[in-house]
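**Q** Sequence:
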Amino acid sequence: MTETQVRLGYFESICQVLALETEDLTVEHPSIWKLIQTADEATFYQLAPHLFLTRDRAEPLLAYPLEATKEEYERFRRLLKGG
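Note that the numbering used here gives residue 63 to position 63 of the sequence shown, counting from 1, and the numbers run on in steps of one.
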């Protein structure tokens, strides 16, 4: 039996919100991920429309968007802490 693992991801549109010079996500990924990991609640609310969760790696890969709510922020923080 495989265990479901929730993972956090982001849509390409996050580049527009962050006003990145390049839209090459492979170049910008470390900067984006660092910002996500250090995001406070206000920053989360700005980023939330560009964030999503996946529940497993099976095809088709389904993305579940995050909403800019207090409950989703708490879920976001728990995910980043690994729980």
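Where hints are given, some of them may not hold.
Said to hold, decoys possible - Restricting the straight-line Cα-Cα distance to at most 27 Å, the calculated cross-link-like pairs of lysine-lysine (DSSO-like) are:
1. Lys70 x Lys34
2. Lys70 x Lys81
3. Lys34 x Lys81
In short, the hints are calculated from the structure, not lab data.
**Q** So, for every hint listed, does it hold in this structure?
**A** Verification of the hints:
1. Lys70 x Lys34: Satisfied, since the Cα-Cα distance of roughly 21 Å is no more than 27 Å.
2. Lys70 x Lys81: Satisfied, since the Cα-Cα distance of roughly 17 Å is no more than 27 Å.
3. Lys34 x Lys81: Roughly 14 Å separates the two Cα atoms, so the pair holds.
Hint violations for this structure: none, all hints satisfied.
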